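Given these sequences and hints, build the entire structure.
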Amino acid sequence: MKIERITALFIALGILIVAVLALPIANIFFKQFAFDLTGFLSAITDQAVLKAVGLSCFSAFLAVLVTFVFGVPLAYLLARKNFRGKALIEGIIDLPMAIPHVVAGVMLLTVFGLSGLIGGPVSPFLRFEGALPGIVVAMVFVSAPFLINSAREGFQSVDPRLEKVARSLGATEWEAFRKVAFPLAFPQIFSGAIMSWARAISEFAAVIMLVGFFPMIAPGMIWNRFYSLGLYEGMRVAVILLLITLSVFIGLKYLRGRLYAEH
Amino acid sequence: MLSIRDLSKKWADFSLTNIDLDVKEREYFTVLGPTGAGKTLMLELIAGFHRPDKGEIWINDKNITDFPPEQRKVGFVYQDYLLFPHLNVEENVKFGLRLKKVPKLETDKKIQRTMNLLGLTHLSKRLPRTLSGGEQQKVALARALVLDPDVLLLDEPLSALDVPTQERLRGELKDLHEKSGITTIHVTHDHVEAILLGDRIGVLSDGKLIQVGEPDEIFRKPKSEFIAKFVGVENIFSGKSELKKGLARIDIGNVLIEAVTQKEGKVKVCIRPEDILLSKRPIKSSGRNMLKGKITEISDRGTIVRLKIDVGRELVVIITKRSFLDMKLRIGSGVYAAFKASSVHVI
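So the protein lines, in turn, are chains A and B.
Counting from 84, one number per residue, gives the positions in the first sequence under this note's numbering.
Counting from 2, one number per residue, gives the positions in the second sequence under this note's numbering.
No lab work stands behind these hints: they were computed from the structure.
Any given hint could be a false lead.
[What the hints assert, rightly or not] List of simulated lysine-lysine pairs, DSSO-like, C-alpha gap at most 27 Å:
| id | chain 1 | residue 1 | chain 2 | residue 2 |
| --- | --- | --- | --- | --- |
| 1 | B | K25 | B | K264 |
| 2 | A | K262 | B | K102 |
| 3 | B | K295 | B | K222 |
| 4 | B | K55 | A | K164 |
| 5 | B | K222 | B | K175 |
| 6 | B | K285 | B | K322 |
| 7 | B | K222 | B | K241 |
| 8 | A | K164 | B | K11 |
| 9 | B | K175 | B | K111 |
| 10 | B | K175 | B | K295 |
| 11 | B | K230 | B | K245 |
| 12 | B | K126 | B | K102 |
| 13 | A | K262 | B | K101 |
| 14 | B | K341 | B | K264 |
| 15 | A | K169 | B | K11 |
| 16 | B | K126 | B | K105 |
| 17 | B | K74 | A | K262 |
| 18 | B | K293 | B | K309 |
| 19 | B | K11 | B | K55 |
| 20 | B | K241 | B | K295 |
| 21 | B | K329 | B | K295 |
| 22 | A | K262 | B | K111 |
| 23 | A | K262 | B | K105 |
| 24 | A | K262 | B | K126 |
| 25 | B | K329 | B | K309 |
| 26 | B | K269 | B | K295 |
| 27 | A | K262 | B | K95 |
| 28 | B | K110 | A | K262 |
Owing to the predicted nature of the structure, the values given are computational and were not obtained by experimental measurement.
Okay, here's the thing in structure tokens:
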């Protein structure tokens with residue numbers, strides 16, 4: 084079959100961008116497994132490494148959960164209602180995607196740090212510095228936009244009259260949301276959650292600035308080992324984190340594809 | 002049954018002003034009006050999707066103005082069906098019963114009865130997007146009817162369908178109403194639909210209900226330009242049908258015509274003026290109605306001529322200017338009007 088010229092051009096351009104994205108990933112895997120397999124095996128059995136990677140995954144999951152509980156209702160409001168200050172709220176939600184992570188760290192410190200706006204008064208019973216809540220808060224701050232925006236688009240794609248019909252069939256406002264709007268927007272909420280989780284797990288600067296290096300998350304450990312023990316020590320942990328993130332990513336995308344295909 | 006008192010509402014580009022309306026128990030009430038007249042808004046107010054700025058809505062002597070939609074017992078069917086795309090046909094129909102936590106046995110019985118009534122049983126496991134428009138609209142009807150609502154609201158239910166499906170479903174709507182006796186409000190911009198289905202018609206124009214009455218009355222003395230445009234465009238008669246050898250003989254008052262239908266008893270009959278042939282001599286052909294009459298009115302409309310012919314009832318006929326001149330017709334001329342039994346639309 085003859086490929087048309089524009090299609091050929093697009094394929095060529097596509098190959099280039101995929102190469103730029105894939106090369107560093109392929110390279111790090113190649114280097115690790117070809118030249119330092121024993122180092123990788125020792126890292127993957129290292130309790131400290133597993134703990135850090137586990138903590139990263141878990142706190143990213145908590146961050147998504149928090150965003151889900153508070154963000155999905157907000158996304159629904161943004162999709163359905165018009166109110167004063169809506170543009171402002173949408174701007175605030177988008178902002179974390181546009182600011183340097185170090186700046187995010189500074190801002191978080193001034194609010195959740197030990198002498199921060201909120202962190203100070205609640206410090207007797209809830210601490211953010213050097214504790215899990217701090218990791219989660221930092222992750223929520225940088226990752227929430229992905230889930231909220233995706234969920235809002237999901238709700239926008241559901242005809243509001245479907246909910247009206249549900250109401251006329253006896254559904255309360257909550258039932259119409261739960262049985263109609265939510266399931267129909269779910270594929271987009273789900274992919275937003277994946278993106279959000281990925282963004283959370285990848286955060287370094289904001290977490291380190293607010294929490295410090297302990298409890299240690301995977302990016303913190305990579306930096307730490309790279310800085311004190313050298314490139315290859317850092318790379319081992321990086322490869323483990325990459326493997327986990329990649330498999331979760333691909334697995335969830337596949338699951339979402341299956342979910343989507345059913346509708 | 003349903004009373005609307007001094008209802009006003011402004012919403013987006015639409016508005017309704019001082020609507021007063023009473024719809025009787027078991028009545029099929031059509032609301033006729035052009036696009037943008039506020040027809041959908043009126044239905045959505047009755048359903049409780051909007052709150053009125055002013056006025057009250059009563060159903061069965063209960064003021065429901067402040068009731069949320071789920072407590073109104075009002076069924077709603079939109080023009081574009083709006084089936085739940087993630088649920089199959091049966092789950093769509095079951096939706097309301099599930100919410101009400103109706104016991105399984107009763108649910109199954111009701112589902113079966115309603116799906117049977119609308120001929121949907123064979124589609125029960127299909128997803129909405131795999132259905133034709135007509136099928137989807139019937140599922141939407143079933144979904145509303147299975148709950149035995151006090152009032153059924155139909156928002157342009159036939160407008161999104163192709164013409165043959167439209168005509169078929171129009172008949173089915175009428176049958177359904179006769180069988181279920183459910184009080185129905187049906188809004189449409191299609192005057193034929195309004196006439197054939199409506200026991201009474203309300204004419205809505207610029208958010209005001211300007212005329213309410215039986216179809217004959219509305220079209221004999223129209224108070225709106227929108228309606229006046231259609232006067233004389235259709236031949237509409239009420240009659241009584243008797244079946245004989247597969248054909249129906251319908252008495253439309255002094256005149257007997259034959260039609261292809263299975264309907265008996267009280268019917269409405271509609272014959273398009275362009276489906277009627279005129280000639281000065283009798284036309285010999287089977288399956289045709291032939292009525293003898295006299296021309297009472299001639300109006301020249303350029304390339305076509307519209308005639309009124311007294312055949313015992315007044316018949317409107319449209320012919321080309323050319324054949325009008327060829328036949329040398331004038332007021333008082335005796336003519337034969339012929340039309341096929343299959344051109345007579347019966348409801």
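Status of each hint after checking the structure:
no. : hint              : verdict
1   : K25(B) - K264(B)  : holds, 25 Å
2   : K262(A) - K102(B) : holds, 14 Å
3   : K295(B) - K222(B) : holds, 24 Å
4   : K55(B) - K164(A)  : holds, 23 Å
5   : K222(B) - K175(B) : holds, 25 Å
6   : K285(B) - K322(B) : holds, 24 Å
7   : K222(B) - K241(B) : holds, 24 Å
8   : K164(A) - K11(B)  : holds, 18 Å
9   : K175(B) - K111(B) : holds, 21 Å
10  : K175(B) - K295(B) : violated, 35 Å
11  : K230(B) - K245(B) : violated, 37 Å
12  : K126(B) - K102(B) : holds, 21 Å
13  : K262(A) - K101(B) : holds, 14 Å
14  : K341(B) - K264(B) : holds, 17 Å
15  : K169(A) - K11(B)  : holds, 23 Å
16  : K126(B) - K105(B) : holds, 18 Å
17  : K74(B) - K262(A)  : holds, 19 Å
18  : K293(B) - K309(B) : holds, 13 Å
19  : K11(B) - K55(B)   : holds, 10 Å
20  : K241(B) - K295(B) : holds, 24 Å
21  : K329(B) - K295(B) : holds, 14 Å
22  : K262(A) - K111(B) : holds, 21 Å
23  : K262(A) - K105(B) : holds, 19 Å
24  : K262(A) - K126(B) : holds, 19 Å
25  : K329(B) - K309(B) : holds, 15 Å
26  : K269(B) - K295(B) : holds, 24 Å
27  : K262(A) - K95(B)  : holds, 13 Å
28  : K110(B) - K262(A) : holds, 23 Å
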